[in-house]
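Student: Protein sequence lines correspond, in order, to chains A and B.
For the first sequence, the numbering used here begins at 1 and goes up steadily by one.
For the second sequence, the numbering used here begins at 1001 and goes up steadily by one.
There could be a bad hint or two in this list.
Short, incomplete list of chain B residues facing chain A, as computed with Cβ under 7 Å [what the hints assert, rightly or not]:
id, residue
1, I1020
2, N1047
3, E1048
4, P1193
5, I1197
6, D1198
Just so you know, these hints were derived from the structure itself, not from any lab.
The beta-carbon is built from N, C-alpha and C at its ideal position, and this holds for glycine as well.
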Amino acid sequence: MNKQLIEKTYPIIKIEDHNTDNQQKTFFFNIEDDVIKNNINVLPGQFYMLRTKLGQKPISVSHFDGKIIGFTVLKRGNVTADLLDNADVGTYIGLTGPLGNTFDLSENDENILIIGGGVGIAPVYNLAKYALNKTNIKTTALFGSRTASLSAFAQDLPRQTDRFESRFYTDDETGENHGFVTKDLEEIFSKQKFTSVYMCGPEKMMVIAAEQIRKLQPNIRIRISMERYMKCGIGLCGSCVLDDIGLRVCADGPVFDYDVLIKSKEFGKYHRDSHGVIHSF
Amino acid sequence: MGINFCNVNFPRNGVLASGILGVTGCSMANVAENGAGGITCKSISKNERNGHPTPVAQVYEHGLLNAVGLSSTGIDNSNKELKYLRENSDAVVIASVFGATPEEFRDTAVMLDEKNVDIIELNISCPNVADEFGLAFSATPESAASVVKAVRPATNKPILVKLSPNFPNIGRIAKSCEDAGADGITAINTVGPGMLIDIHTYQPKLSNKCGGVSGPAILPIAIRCIYDIYKSVKIPILGMGGITTTEDAIQMIAAGARIYGVGTGVIIQGKDIFKKINNGIDAYLADKKISYDDLVGIAHKQ
Chain A
1 MNKQLIEKTY
11 PIIKIEDHNT
21 DNQQKTFFFN
31 IEDDVIKNNI
41 NVLPGQFYML
51 RTKLGQKPIS
61 VSHFDGKIIG
71 FTVLKRGNVT
81 ADLLDNADVG
91 TYIGLTGPLG
101 NTFDLSENDE
111 NILIIGGGVG
121 IAPVYNLAKY
131 ALNKTNIKTT
141 ALFGSRTASL
151 SAFAQDLPRQ
161 TDRFESRFYT
171 DDETGENHGF
181 VTKDLEEIFS
191 KQKFTSVYMC
201 GPEKMMVIAA
211 EQIRKLQPNI
221 RIRISMERYM
231 KCGIGLCGSC
241 VLDDIGLRVC
251 ADGPVFDYDV
261 LIKSKEFGKY
271 HRDSHGVIHS
281 F
Chain B
1001 MGINFCNVNF
1011 PRNGVLASGI
1021 LGVTGCSMAN
1031 VAENGAGGIT
1041 CKSISKNERN
1051 GHPTPVAQVY
1061 EHGLLNAVGL
1071 SSTGIDNSNK
1081 ELKYLRENSD
1091 AVVIASVFGA
1101 TPEEFRDTAV
1111 MLDEKNVDII
1121 ELNISCPNVA
1131 DEFGLAFSAT
1141 PESAASVVKA
1151 VRPATNKPIL
1161 VKLSPNFPNI
1171 GRIAKSCEDA
1181 GADGITAINT
1191 VGPGMLIDIH
1201 TYQPKLSNKC
1211 GGVSGPAILP
1221 IAIRCIYDIY
1231 KSVKIPILGM
1241 GGITTTEDAI
1251 QMIAAGARIY
1261 GVGTGVIIQG
1271 KDIFKKINNG
1281 IDAYLADKKI
1291 SYDDLVGIAH
1301 KQ
């Protein structure tokens, strides 16, 4: 069977909480043995299924240096609450992965725009770090969150160098810029053209951002990381399939071309719960 | 190559097994587009059901352990998904149903929108809901037949009965279903139940603790079951269990399966596994200079 589908259990080696009042933490694991033994490489955009004693949830990779992997987790349901409230350094967590596809930096990428919203910052922060440290691609990264502490895990990125710029936006007044992550798009596109846009965040935010970006630069390549309820995470159960296009977020995604997503009638409109029943956004 | 099974014409060989990618209509249509000739939806219950909490599936070296727990969107939602599948695919639609009693099987089968369903499959062998439903109906010839007898008079659709490998005398159980009016047998459901344990936390790796085993590990069990069933009944067999390659499917057909099915193999080999296997079977038949009909049950003639 495919090695990355087989769960391995690792102890947490470090936890960072960034003063989020226990709302969001980053958990680190040393997966070097898996990297060496099974030739595992974890690329930006991929995710793992994380298992605690209460259940299993898909979580994006926010950090990876070839040996240490990190997952930034927002408290949402009982499994993430179990992680945030009860897990400590030394607690064993089941990791299945890396799963899914990647943001897939294009060979033609020279100047990319990255947009992250909420805990959707996690996978695109990983991409921004990758672009910064492993490529020569010029990068502009925009991160929006409710409050500054929720994007604190990403704030080690340089704000402005000759080929890298990051800006942080918050709904409240705690951050460097007040307002939505999309508010400077017009100004940014007036100064430069991009080869690709990569984003992850609340779906309605991504729809608005993508529509605006296509007006500012028609035909630009846009890659979007999607979130859907996943039961198995390994392409088996069909819980996360997108309507009409028939693609699985866990195994065919989670990252899709915007042009593929706009053919899905549920994109930006609705999602399914654990039974498969439809709910509007 | 088209194929006749239970008096229904399949555009191609290869059936998607129940429980794999069978929740939404477009997911199922997508598998058909990738080459499956028949699609079995995830088992439908009358009412919406939650199934088990996660984790519901764990892969190990030689296969897969799963206990999804018969989650279902209920008959009304399922009818909508089957309608989508019917309208967006040429595949034969097999509706898998289950219930707590023979009467509930019948009621659910009757509530299926018949214009969107070609064949009804009675899932009397799910191993993962024993706490709720007691021993599976497929455990004995009598209990298996009781479900078929309840559903038979209520529908004109061909009825398949899905059998479990986990009880003795699968041949006798199949025969009792045939005598009760079944049109075909689907075999096998998952093996077990089995269990995997985390060696650091010592917890079972599934929320349900145990689950059904599928994937390459169970292929020999499946082939033996098909061989036994073929000896016992005249009705055709949909053979599945551990198929991931052309050679696996050929063995299943040689043991007596009229058509073959794939479940876990779809996640190992990808959705185009049906296309690959069908091409492989065609090449094999050409090489051996035998017809498909010659191949079905050929192992019994040796």
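Student: A separate judgement is required for each hint: does it hold in the structure or not?
Tutor: Hint-by-hint comparison with the structure:
no., hint, result
1, I1020, "6 Å, holds"
2, N1047, "11 Å, violated"
3, E1048, "6 Å, holds"
4, P1193, "17 Å, violated"
5, I1197, "11 Å, violated"
6, D1198, "5 Å, holds"
Hint check: violations occur at hints 2, 4, 5; the rest are consistent with the structure.
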